[in-house]
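A.B. asks: Okay, here's what each chain looks like letter by letter:
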Amino acid sequence: AQKVTQAQTEISVVEKEDVTLDCVYETRDTTYYLFWYKQPPSGELVFLIRRNSFDEQNEISGRYSWNFQKSTSSFNFTITASQVVDSAVYFCALSVRRNTPLVFGKGTRLSVIA
Amino acid sequence: EAGVAQSPRYKIIEKRQSVAFWCNPISGHATLYWYQQILGQGPKLLIQFQNNGVVDDSQLPKDRFSAERLKGVDSTLKIQPAKLEDSAVYLCASSHDRGAGELFFGEGSRLTVL
Numbered sequence: 001a002q003k004v005t006q007a008q009t010e011i012s013v014v015e016k017e018d019v020t021l022d023c024v025y026e027t028r029d030t031t032y033y034l035f036w037y038k039q040p041p042s043g044e045l046v047f048l049i050r051r052n053s054f055d056e057q058n059e060i061s062g063r064y065s066w067n068f069q070k071s072t073s074s075f076n077f078t079i080t081a082s083q084v085v086d087s088a089v090y091f092c093a094l095s096v097r098r099n100t101p102l103v104f105g106k107g108t109r110l111s112v113i114a
Numbered sequence: 001e002a003g004v005a006q007s008p009r010y011k012i013i014e015k016r017q018s019v020a021f022w023c024n025p026i027s028g029h030a031t032l033y034w035y036q037q038i039l040g041q042g043p044k045l046l047i048q049f050q051n052n053g054v055v056d057d058s059q060l061p062k063d064r065f066s067a068e069r070l071k072g073v074d075s076t077l078k079i080q081p082a083k084l085e086d087s088a089v090y091l092c093a094s095s096h097d098r099g100a101g102e103l104f105f106g107e108g109s110r111l112t113v114l
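These protein sequence lines are chains E and Y, in that order. Using the working numbering, read the first sequence as starting at 1 and increasing by one per residue. Using the working numbering, read the second sequence as starting at 1 and increasing by one per residue.
One chain only, chain Y, in its complex shape (with noise of 0.2 Å):
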C-alpha cells in the first residue's frame, strides 16, 4: 500500500513569495491533516478535512495560509506571502474512517524562508 505523497520535499524562498505543497493521501482515507512543525517542537494541527470539507482550520493563520482538497482526494496547502516565521517541515497526513485513529504521515515538506 503506497503511503502518503508529498511535494516537493525542500523549496527555499524570500519573504513574501509565495509557495504550495502537494499532498496525496493514502487511498481510502477519507481524513486529511496539514501539519506544521517548526525546528525543535511538536507538529502542530494547520487545518483537518473530511473528504472534501474543512472540520477544524481554527489554528490556520488565514490572512497569508489557504488550503483546498477539491476532489476529497489530494490537497494543496498554500502560503501568500511568506512570512520568516513560516520556516518549518509541513507535514500532510491522513487516517481512516473505520481505523484505529491513528494517523499516517508523509515524509514533509522542508520550508526555508530567507
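Extracted from the complex, chain E is given alone in its bound form (with noise of 0.2 Å):
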C-alpha cells in the first residue's frame, strides 16, 4: 500500500522569507510517481509538478524548488521569498503507475503574512 505524509499541518511565515514544506513517502514499488499541487482558497487543485522515481535531479521552477531523495524517501518543497499569493494548502501525493489513482498527504496550510 502507498502512503504519503506531511507532518507540518499549518506553517506561517512572513513574507519574503524562505519555507520548505515535508513530504515523505512510503511504497513497496521501485517505479513511483511524486506530485505537488497547491489548492488555494477556491479549492480547485492545481498541479505543479511530477517526479519519477528514476529521475532524483531537483528542480527549480521561479521561486520554487525540489529535493528529491530516495534514500530519505522525502520529496520536500521549498518556496524562496515567500509572497501573500503562495497562502494555500500544498498537497503531496504518489502514484504507482500512470493514469492510477494519486494516494494524497493530509496537506499543509501555508500562510503568507505581508
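None of these hints come from the bench; they were simulated from the model. Virtual Cβ for every residue (Gly too), placed ideally from N, Cα, C. Be a bit skeptical, because a hint or two may be false.
Beta-carbon label-pair distances, calculated as ranges [said to hold, decoys possible]:
(1) Y:Ser18 to E:Lys70: 22 to 30 Å
(2) E:Asn52 to Y:Gly72: 22 to 30 Å
(3) Y:Ser58 to E:Glu15: 38 to 46 Å
Starting from the two chains in their separate frames, assemble the complex, guided by the hints.
C.D. replies: Now the structure itself:
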C-alpha cells in the first residue's frame, strides 16, 4: 500500500521568507511518481510538479524548488522569497503507475503574512 | 483549453435526501476520477473510470454512492441517502492517457448535509 505523510499541518511565515514543506512517502514499488499540488481558497487543485522514481535530479522553477531523495523517501518543496499569493494548502501525492489514482497526504496549510 | 467543469459548486441538503454532482472532463481525457475531500484532509479516491468503464471503485460506499460515465465523457456522482459524514468537497479530475500522469482537477462541489 502507498502512503504519503505531510507532518506539518500549518506553517506561517512572513513575506519574503523561505519556507520548506516536507513530504515523506511509502511504497514497495520501484517505479512510482511523486506530485505536488496547490489548493488555493478557490478550491481547485493546481498541478505544480511531477517526478518519477528514476529521476532524482532536483528541480527549480522560479521561486519553487523540489528536493527528491530516495534514500530518505522524501520529496520536499521549497518556496524562496514567499509571497502572500503563495498562501494555500499544498498537497504531496504518489502514484505507482501512469493514469492511476493519486494517494494524497493530508496537506500543509501555508499562510504568508505581509 | 477548457478545464474540468463541475456543478453545482455548492449544495445543502438534509440527511436522508439525495444529491447528484456532474463533471465534464477536459476534452480528450479518457480517464476520469471522483475524489472526496473532507475538511482538513487530503482528497480520497472514490472511483476511477477509463472511458466508460470502471477501473477502481474499491473505496466507493456502494450502499449509498453511485457513479456513471455512460458515453465516456461526462460523469455523474450520486449520493442516496446522504448522511452527515458525507459533508465534503467532491472533486472531479481527468487525465490524458498519453500525458505525464498528472491529474487536472475541477473546482469541486461542496456538499453540506444537515
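A.B. asks: Next, verify each hint and record whether it holds.
C.D. replies: Right, here's what the structure says about each hint:
1. Y:Ser18 to E:Lys70: 22 to 30 Å: 47 Å, violated
2. E:Asn52 to Y:Gly72: 22 to 30 Å: 28 Å, holds
3. Y:Ser58 to E:Glu15: 38 to 46 Å: For E:Glu15 against Y:Ser58, whose Cβ atoms are near 44 Å apart, the range 38 to 46 Å holds.
When the structure is compared with the earlier hints, a violation turns up for hint 1 alone.
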